[in-house]
Amino acid sequence: MRTSKSARAAQYVALLAYLVFLAFPFLWLISTAFKPAKELGSLDPTWIPENPTLQNFRQAFDEQPLFQAGLNSLIVALSAALVAVVIATPMAYVMARHRNRLAKAATGWVVVSQAFPFVLIIIPLFLILKNLHLINALPGLILVYVVWSLPFALWMLVGYVRAVPAELEEAAAVDGAGKLRTFLSVVAPLLAPGVVATAMFAFITAWNEFFFALVLLKTPEKQTLPVILNRFIGTEGVADLGPLAAAAFLATIPSLVIFAIIQKRITGGMLAGAVKS
Amino acid sequence: MTLATATKSRRSAKKKPAQRVADHGAWFLVLPALIPILVLSVGPLLYGIALSFTDAQSGRTEPTQWIGLLNFQDLLHDTLFWDSFRIGLLWAVGVTVPQFFLALGLALLLNQNLRFRWLARALAIIPWAMPEVVVGIMWRLVYHPDAGVLNETLSSLGLGEGRDWLTGTATALFAVIVVGIWAGMPQTTVALLAGLQNTPRELHEAAAMDGAGAWRRFRTVTWPAIKPIALAISALNFIWNFNSFALVYVLTQGGPGGRTRLPMLFAYEEAFRYGQFGYAAAMGCVMVAVISVILAFYLVGRLKGGDE
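The listed protein sequences derive, respectively, from chains F and S. The first sequence: position 44 = 44 (the numbering used here), numbered continuously. The second sequence: position 207 = 207 (the numbering used here), numbered continuously.
Derived from the structure by calculation, the hints contain no laboratory data. On a predicted model such as this, the values are computed, not experimentally measured, just so you know. Think of the CB as a built atom: it goes at the ideal place given N, C-alpha and C, for glycine as much as any other residue. Mixed in with the good hints, there may be bad ones.
With the Cβ distance kept under 7 angstroms, some of the chain S side facing chain F (calculated, not the full set) [as the list claims (entries may be wrong)]:
{"id": "1", "residue": "29"}
{"id": "2", "residue": "38"}
{"id": "3", "residue": "68"}
{"id": "4", "residue": "76"}
{"id": "5", "residue": "80"}
{"id": "6", "residue": "83"}
{"id": "7", "residue": "108"}
{"id": "8", "residue": "131"}
{"id": "9", "residue": "132"}
{"id": "10", "residue": "275"}
{"id": "11", "residue": "277"}
Pair ranges (Cβ atoms, derived) [stated by the list, open to error]:
{"id": "12", "chain 1": "F", "residue 1": "44", "chain 2": "S", "residue 2": "57", "range": "33 to 39 angstroms"}
{"id": "13", "chain 1": "S", "residue 1": "169", "chain 2": "F", "residue 2": "42", "range": "26 to 32 angstroms"}
{"id": "14", "chain 1": "F", "residue 1": "7", "chain 2": "S", "residue 2": "255", "range": "44 to 50 angstroms"}
{"id": "15", "chain 1": "S", "residue 1": "169", "chain 2": "F", "residue 2": "44", "range": "25 to 31 angstroms"}
{"id": "16", "chain 1": "S", "residue 1": "77", "chain 2": "F", "residue 2": "44", "range": "49 to 55 angstroms"}
{"id": "17", "chain 1": "S", "residue 1": "101", "chain 2": "F", "residue 2": "188", "range": "19 to 25 angstroms"}
{"id": "18", "chain 1": "S", "residue 1": "213", "chain 2": "F", "residue 2": "52", "range": "46 to 52 angstroms"}
{"id": "19", "chain 1": "S", "residue 1": "220", "chain 2": "F", "residue 2": "54", "range": "29 to 35 angstroms"}
{"id": "20", "chain 1": "F", "residue 1": "253", "chain 2": "S", "residue 2": "214", "range": "38 to 44 angstroms"}
{"id": "21", "chain 1": "S", "residue 1": "220", "chain 2": "F", "residue 2": "30", "range": "43 to 49 angstroms"}
{"id": "22", "chain 1": "F", "residue 1": "163", "chain 2": "S", "residue 2": "57", "range": "24 to 30 angstroms"}
{"id": "23", "chain 1": "F", "residue 1": "132", "chain 2": "S", "residue 2": "69", "range": "46 to 52 angstroms"}
{"id": "24", "chain 1": "F", "residue 1": "176", "chain 2": "S", "residue 2": "302", "range": "29 to 35 angstroms"}
{"id": "25", "chain 1": "F", "residue 1": "58", "chain 2": "S", "residue 2": "93", "range": "42 to 48 angstroms"}
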């Protein structure tokens, strides 16, 4: 199909407008992170810092336990992602290959779990975890994140399992392999890239999560990055924009890097889900 | 176990005995995920619903008692809650609808054979990867009355004096809605783009051959093809937005004077500041119920609309 020159030009202009809208807040964050205090106080802020500085980053580490928070976030996100894919992959396999009631119920849960406000879940979870002495403890938060990342993980993984030809498994079955064996030696290797992508997505989800962490972690030395970042606003108010921006920028880097790696697969997984429906 | 035996007996008729063991294998595959789901998701959900019929409070020594519908009766007369509910609906609609049209426009552009499309696609999904807290902080910096880029741009364009966007009663809700739209753009765009890429090309070409203009082609070919995805993603967005917490909590904490206090923020304060677990759980139940009703009407209406 041909598109006229003027229409093409209009499309580029529109695309540019979108990119400006989507990118400018992030650019402003970076700009603020590198501005010295004097420029931040000026009433005439500029896009490019006149005297860029790393002072904000040092100050951010001095003011809040960022290093500890980063470590907590890393422990929580890695464990949650790992456990989530280890338990979700077999289940996704069953959901994709079997059309029994269990598979249907699981699919139903994936959908329904999206609709419930977290407040209805968090109060009972809080009480349960309190009885287990897992409040203000990273294992408690990890448990919550595992379950919380399961719906999307299952949804992605079911798509990837469907992409593995069932004929391969039938061939393995003819050769006398049981279901478990078929899964481990035939399906699992083919699924590996999808599983890795799912784990990375679960990592990002846990790394970024705020609400559960806010409720379940009480003391600063246990808290994860998002909660510590929020404390920054609360305690320092509007005065310390530079360190706040620097810390926020640092906290985003891991998510952005991982997201860049799996970007294609996420969109691909969504595509698979869409085709299915 | 009844489920397993049912499948087993259905299959064992035509398959070898070795298959029996294999069906236990299927259970073995499901259990590791099923147990956490039951214990930490389905269980708490039912527990939460049960709590809404009790006077459960945090840190109380007397045992919790069933109080029937008392929480719901109180809620009915709690004008603060219904104010918050109204704000929640305004916010959810105010974010979901513009976001859908903006994302549709972007998806249509990204589906064109434009140069730098890969770059645009990569940039367009950046907000997806960011922690919500960082998104909130970022926009606080944008909206900042003195050091923010928004007031600076407005004043240099001669568009009047700067305002304090997030703390002004007139602008706060609007300001957080813009952030909500921004933050959810990637998911919606990606979903719609996935739908567009499944639209049969031949149909488009045939329609163009018959002399159909761009708008007509969109109405007759593109829209019917992406309609299921469009419905699904806008329904999901509506639910997610209505239940959202972190973004607005970081931006305004529900202020000024409750102007941006979404129902989740209200329930959070009720539960974890005032310790009213039972009452907050009742709020959660009401939120689910109302959202389900609205969605049912929306989906039924839309699906019927397609049959005409």
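TODO: Mind checking the hinted window 24 to 30 angstroms against the Cβ distance between residue 163(F) and residue 57(S)?
DONE: The hinted range 24 to 30 angstroms is violated for residue 163(F) and residue 57(S), with Cβ atoms some 50 angstroms apart.
Open item on the list: Given the hint of 38 to 44 angstroms, is the C-beta distance from residue 253(F) to residue 214(S) inside that range or not?
Closed with: holds, 41 angstroms
- [ ] Evaluate the given range 26 to 32 angstroms for the C-beta pair formed by residue 169(S) and residue 42(F).
- [x] holds, 28 angstroms
Task: Beta-carbon spacing of residue 213(S) to residue 52(F) - inside the hinted bounds 46 to 52 angstroms or not - done: Holds - the Cβ-Cβ distance for residue 213(S) and residue 52(F), about 51 angstroms, lies within 46 to 52 angstroms.
Task: Interface restraint verdict for residue 132(S) against chain F (beta-carbon cut-off 7 angstroms) - done: holds, 6 angstroms
Open item on the list: Tell me if the interface restraint on residue 76(S) is satisfied: Cβ within less than 7 angstroms of some Cβ in chain F.
Closed with: With Cβ-Cβ at 18 angstroms, over 7 angstroms, it is violated.
Open item on the list: Between the beta carbons of residue 44(F) and residue 57(S), is the distance compatible with 33 to 39 angstroms?
Closed with: Because 52 angstroms falls outside the window, the suggested range is violated.
Open item on the list: Within 42 to 48 angstroms: is that where the Cβ-Cβ distance between residue 58(F) and residue 93(S) falls?
Closed with: This hint holds: roughly 45 angstroms between Cβ atoms.
Open item on the list: Does the beta carbon distance between residue 220(S) and residue 54(F) stay inside 29 to 35 angstroms, or does it fall outside?
Closed with: With Cβ atoms ~57 angstroms apart, the hint is violated.
Open item on the list: So, as I understand it, the hint says residue 108(S) touches chain F; can you test that by seeing if any CB pair is closer than 7 angstroms?
Closed with: Not OK, violated: residue 108(S) not within 7 angstroms of chain F, min 9 angstroms.
Task: Cβ separation of residue 220(S) and residue 30(F), checked against the hinted range 43 to 49 angstroms - done: Given a distance of about 45 angstroms, which is inside 43 to 49 angstroms, the answer is holds.
Task: Hint check, residue 29(S) versus chain F [nearest Cβ-Cβ separation less than 7 angstroms] - done: holds, 4 angstroms
Of the numbered hints listed earlier, those contradicted by the structure are 2, 3, 4, 5, 6, 7, 10, 12, 17, 19, 22, 23 and 24.
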